[in-house]
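A.B. asks: Each chain, written out:
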Amino acid sequence: ETGVTQTPRHLVMGMTNKKSLKCEQHLGHNAMYWYKQSAKKPLELMFVYNFKEQTENNSVPSRFSPECPNSSHLFLHLHTLQPEDSALYLCASSQDWAGGEAFFGQGTRLTVV
Amino acid sequence: KNEVEQSPQNLTAQEGEFITINCSYSVGISALHWLQQHPGGGIVSLFMLSSGKKKHGRLIATINIQEKHSSLHITASHPRDSAVYICAVIGRGKSSGDKLTFGTGTRLAVRP
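Residue numbers (this note's numbering), protein chains in the order written: chain A, 1 to 113; chain B, 114 to 225.
Hint data in this document are derived by calculation from the structure and do not stem from the laboratory. Please note that a few of the clues may not be correct.
[Said to hold, decoys possible] BS3-like cross-link-like pairs, simulated, lysine-lysine; straight-line CA separation at most 30 Å:
#1 Lys167/B with Lys40/A
#2 Lys18/A with Lys168/B
#3 Lys18/A with Lys40/A
#4 Lys181/B with Lys36/A
#5 Lys181/B with Lys40/A
#6 Lys19/A with Lys41/A
#7 Lys181/B with Lys166/B
#8 Lys168/B with Lys19/A
#9 Lys166/B with Lys22/A
#10 Lys168/B with Lys41/A
#11 Lys181/B with Lys41/A
#12 Lys41/A with Lys166/B
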């Protein structure tokens, strides 16, 4: 148990669906991250939020839309995804965005059909 | 070429063996993480270090900043150590919040 919780753990969605991934942490951290892990590739940073403000959008397509309503919650809204978007999506948090120890959630395994 | 390279990519060991996983990086860093990812995906942070050596149970992590190299050692390996071990570095750049850059991971299987 890392203190970072992601739901759902598994998600299958069609290319025309809209779904959301949720991440929650009660560690008192101020920075939250979305990462994508595709098969045989290193984790890729997608978005960074620091104090609820987006500080990084790592050239992510607009079909991925993050939302950070407060420091404890982070969402990733998905719409009109492609099969190549199938991957493990990991949420992480850290005390701040200046490189402290990161705590990861269990991930959401997304399959786009 | 990735900024973070790990070796070996795959490793099979017998229970009880001493295991070493290596990480080399090409950028200036402020710290380095060793992470463990079990089947199913969840990632656990094992160590964060910026110099010297850290030990936790049967795990030891070392880093040589001058040589841009870190090693993760597992003593008396056990099947429950089977996982993917990922090295990640925190760059010293001022932009992008010093984000983590990840290696591709080392898949370890420990046989009973």
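A.B. asks: Are the Cα atoms of lysine 181/B and lysine 36/A separated by 30 Å or less?
C.D. replies: The hint holds at about 26 Å.
A.B. asks: For lysine 19/A and lysine 41/A, compute the direct alpha-carbon distance and say whether it is at most 30 Å.
C.D. replies: holds (24 Å)
A.B. asks: Taking only the CA atoms, is the gap from lysine 166/B to lysine 22/A under or equal to 30 Å?
C.D. replies: Violated, at roughly 36 Å.
A.B. asks: Compare the distance between the alpha carbons of lysine 168/B and lysine 19/A with 30 Å, and conclude whether the hinted pair is satisfied.
C.D. replies: Given pair lysine 168/B, lysine 19/A is violated - Cα atoms ~42 Å apart, limit 30 Å.
A.B. asks: For a C-alpha distance cap of 30 Å, please report whether lysine 18/A and lysine 168/B respect it.
C.D. replies: Given that 30 Å is the threshold and the Cα spacing comes to 45 Å, the pair is violated.
A.B. asks: Holds or violated: lysine 168/B with lysine 41/A, Cα cutoff 30 Å?
C.D. replies: The given pair, whose Cα atoms are some 29 Å apart, holds under the 30 Å limit.
A.B. asks: Under the criterion that the straight-line Cα-Cα distance not exceed 30 Å, is the pair lysine 181/B, lysine 40/A satisfied?
C.D. replies: Given that 30 Å is the threshold and the Cα spacing comes to 24 Å, the pair holds.
A.B. asks: For the pair we were handed, lysine 181/B and lysine 41/A, check the Cα-Cα distance against 30 Å.
C.D. replies: With a Cα-Cα distance of about 22 Å, the restraint between lysine 181/B and lysine 41/A holds, given a limit of 30 Å.
A.B. asks: Starting from lysine 18/A, check that the Cα of lysine 40/A is at most 30 Å away, please.
C.D. replies: Within the cut-off at roughly 27 Å; holds.
A.B. asks: Starting from lysine 167/B, check that the Cα of lysine 40/A is at most 30 Å away, please.
C.D. replies: holds (29 Å)
A.B. asks: Do the alpha carbons of lysine 181/B and lysine 166/B lie within 30 Å of each other, as the hint requires?
C.D. replies: Answer holds: lysine 181/B to lysine 166/B is near 14 Å, not above 30 Å.
A.B. asks: For the pair supplied as a hint, lysine 41/A and lysine 166/B, confirm whether the alpha-carbon distance does not exceed 30 Å.
C.D. replies: holds (28 Å)
Hint compliance for this structure: hints 2, 8 and 9 are broken, all remaining hints hold.
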